[in-house]
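Spelled out, the chains give:
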Amino acid sequence: MTAAGPAADLLVRARSGDRRALGRLLTLVERGDAGTHGLDDLVHPHAPGDAPVIGVTGAPGTGKSTLVGHLVKEIADAGGQPAVLAVDPSSPLSGGAILGDRIRMDGVAEGRAFIRSMATRGHAGGLALAVPGALRLFEACGFGPLVVETVGVGQVEVDVTRTADTTVVMVAPGMGDAVQANKSGLLEVADVLVVNKADRPGADDVRRDLEHMLDLGHITGATQHWRPEIIMTTATTGAGALDVHQAIQAHRAHLASTGGLEARRHSRIRQEVQDRIAQHLDTAAEGLLSTQPAELQEALEGSQTPAAAAAKISKRLLSNQPQMSPSNQPAAQGQER
Amino acid sequence: MAESQPGAGREAPIRVVLAKLGLDGHDRGLKVVARMLRDAGMEVIYLGLRQTTESVIAAVEQEDADVIGLSMHNAGHLALAPRILQALADSGLDVPVVIGGIVPEADVSTLKELGISAVLHPGASAVEVADAIRRSVA
Numbered sequence: 001m002t003a004a005g006p007a008a009d010l011l012v013r014a015r016s017g018d019r020r021a022l023g024r025l026l027t028l029v030e031r032g033d034a035g036t037h038g039l040d041d042l043v044h045p046h047a048p049g050d051a052p053v054i055g056v057t058g059a060p061g062t063g064k065s066t067l068v069g070h071l072v073k074e075i076a077d078a079g080g081q082p083a084v085l086a087v088d089p090s091s092p093l094s095g096g097a098i099l100g101d102r103i104r105m106d107g108v109a110e111g112r113a114f115i116r117s118m119a120t121r122g123h124a125g126g127l128a129l130a131v132p133g134a135l136r137l138f139e140a141c142g143f144g145p146l147v148v149e150t151v152g153v154g155q156v157e158v159d160v161t162r163t164a165d166t167t168v169v170m171v172a173p174g175m176g177d178a179v180q181a182n183k184s185g186l187l188e189v190a191d192v193l194v195v196n197k198a199d200r201p202g203a204d205d206v207r208r209d210l211e212h213m214l215d216l217g218h219i220t221g222a223t224q225h226w227r228p229e230i231i232m233t234t235a236t237t238g239a240g241a242l243d244v245h246q247a248i249q250a251h252r253a254h255l256a257s258t259g260g261l262e263a264r265r266h267s268r269i270r271q272e273v274q275d276r277i278a279q280h281l282d283t284a285a286e287g288l289l290s291t292q293p294a295e296l297q298e299a300l301e302g303s304q305t306p307a308a309a310a311a312k313i314s315k316r317l318l319s320n321q322p323q324m325s326p327s328n329q330p331a332a333q334g335q336e337r
Numbered sequence: 001m002a003e004s005q006p007g008a009g010r011e012a013p014i015r016v017v018l019a020k021l022g023l024d025g026h027d028r029g030l031k032v033v034a035r036m037l038r039d040a041g042m043e044v045i046y047l048g049l050r051q052t053t054e055s056v057i058a059a060v061e062q063e064d065a066d067v068i069g070l071s072m073h074n075a076g077h078l079a080l081a082p083r084i085l086q087a088l089a090d091s092g093l094d095v096p097v098v099i100g101g102i103v104p105e106a107d108v109s110t111l112k113e114l115g116i117s118a119v120l121h122p123g124a125s126a127v128e129v130a131d132a133i134r135r136s137v138a
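Residue numbers (my numbering), protein chains in the order written: chain A, 1 to 337; chain B, 1 to 138.
Pulled out of the complex, with its shape left as it was, chain B reads as follows:
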């Protein structure tokens, strides 16, 4: 909680890019997550709705983001997760991806095997959300 001092010894906040890919229009959850992460002391680069893998990658590069948070509510996770991971690999980016939203329990292990760092379900607390992000960049 202590205000960081100018100059020496500052610990830089974690920078998170938050986005929804494609035509999934349910962004209420993402807005809640943005607020949770802000209140956990992180800097949220909020891209919101209708993003593409390219726009997310561009933002991660320009913003030097530490982690990507993707919100998914239209059952696109098994199609979109490999795409974003491939795009990251193609760009030479080693940035963890956390997915949140409606993901059937059966798909969680598949996503993790693909390389998704964590999957957050509806009802995850602010602490759980922030912890998942912190662990992914640790």
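Excised from the complex, chain A in its bound form:
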């Protein structure tokens, strides 16, 4: 691993259409090496954050990848240069992963999209940082709209999808009733709802349950600004994919007309800054703990609670940072929906 030279060269090649070079750069981003190679700074001027970001999430097996394949085709037909980031979970035991999204997309997308599979590599790992970095890289290389697909389990996966301009949540029949639909979680973050496997029995019931859930949102004001459209699709045939694309565009137009795009972009940046701070603190905490501080020793011996030890260590950790912001007001993090 060397300094900025190779990354700069790769970026020039990637921006002129060399997919191999872009693949290499994505690996740097994924490994968290983008900073050390100066890649972040090189990409920044070319990635103003204007490329539309579409998040697609939902339970495993609802048909996300297959639909994304068709969605990518619609995007390309409409003149876009789609790129896809397909996130699949790593094994918590071996650290390995089977990345099986591409197999669903390739047949339909027919080489019209740049598709990159990404493993989560441990929940505390770099996914939350790798995704925004990869999206910037895609934009810098002229791609857009950008699609991020994640399994709708796990906070990090949901978060990276949630910070998209438009979040598409997919459901399928046979996965729970109206009560499930009303539970907190995924459905709340939807800007577009997709009922896939619409050719299967029960699809209409799912749609009805979702309508009811949205109606309740109307009562409480949750859908005051935007009521997600419900699209019926059959991803295996591509039926409904065009409607999904149009619903995404309609949502984007709504955001554009209400200033929501800027709000989303800001919330994405804010989220990344926060995630990076957390990473710095994490590293600092590890470093401090590896010195076997007295507080840790006391907690191990039981003469002090873990919470008390943590509080003291944290205080020490943070007081080492000379410049804390004097006015630490909680900025309005308006997640305009």
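Everything labelled a hint here was simulated from the structure, so no lab data went into it.
A portion of the hints provided could be inaccurate.
Partner residues are not named here, just some residues of chain A that face chain B (Cβ under 7 Å, in silico) [stated by the list, open to error]:
no., residue
1, 24
2, 97
3, 117
From the three backbone atoms N, C-alpha and C, an ideal C-beta is built for every residue, glycine too.
With the hints as your guide, set chain B onto chain A.
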């Protein structure tokens, strides 16, 4: 087995593209291999059935794969191996290729002379499969 820490000092997993070329429809073995490699800590980009040399090359480029694993069960190995190796060379890719499946012993040396890194036969253990992949990228 230790969970890698965020930030410094992580060793990135080996990324493997697994595919079958052409109309060979026997993918049971490839699925088993995918699982073996996952459990050996590798990231498997599973392309599965009916791939072309072009689709494999595209995946290797976009996924920045370290190695390609091809499963062959219909006696196409002597025709397909040169094609994938040529396609790799044409694309300027220096990525090792490991073949697994039904390959007569007599063809193994031919394949290796062509530039195939390793040939795995039926009955290869999970350890042997993972070792062959690791050695090919070493």
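Right, here's what the structure says about each hint:
1. Taken as an interface hint, residue 24 of chain A checks out: its beta carbon lies about 6 Å from the nearest beta carbon of chain B, inside 7 Å.
2. Checking residue 97 of chain A against chain B: minimum C-beta separation of about 5 Å stays under 7 Å; hint holds.
3. Interface hint status for residue 117 of chain A: upheld, as the beta-carbon distance to the closest one in chain B is roughly 5 Å, under 7 Å.
Violated hints are absent here; each numbered hint is respected by the structure.
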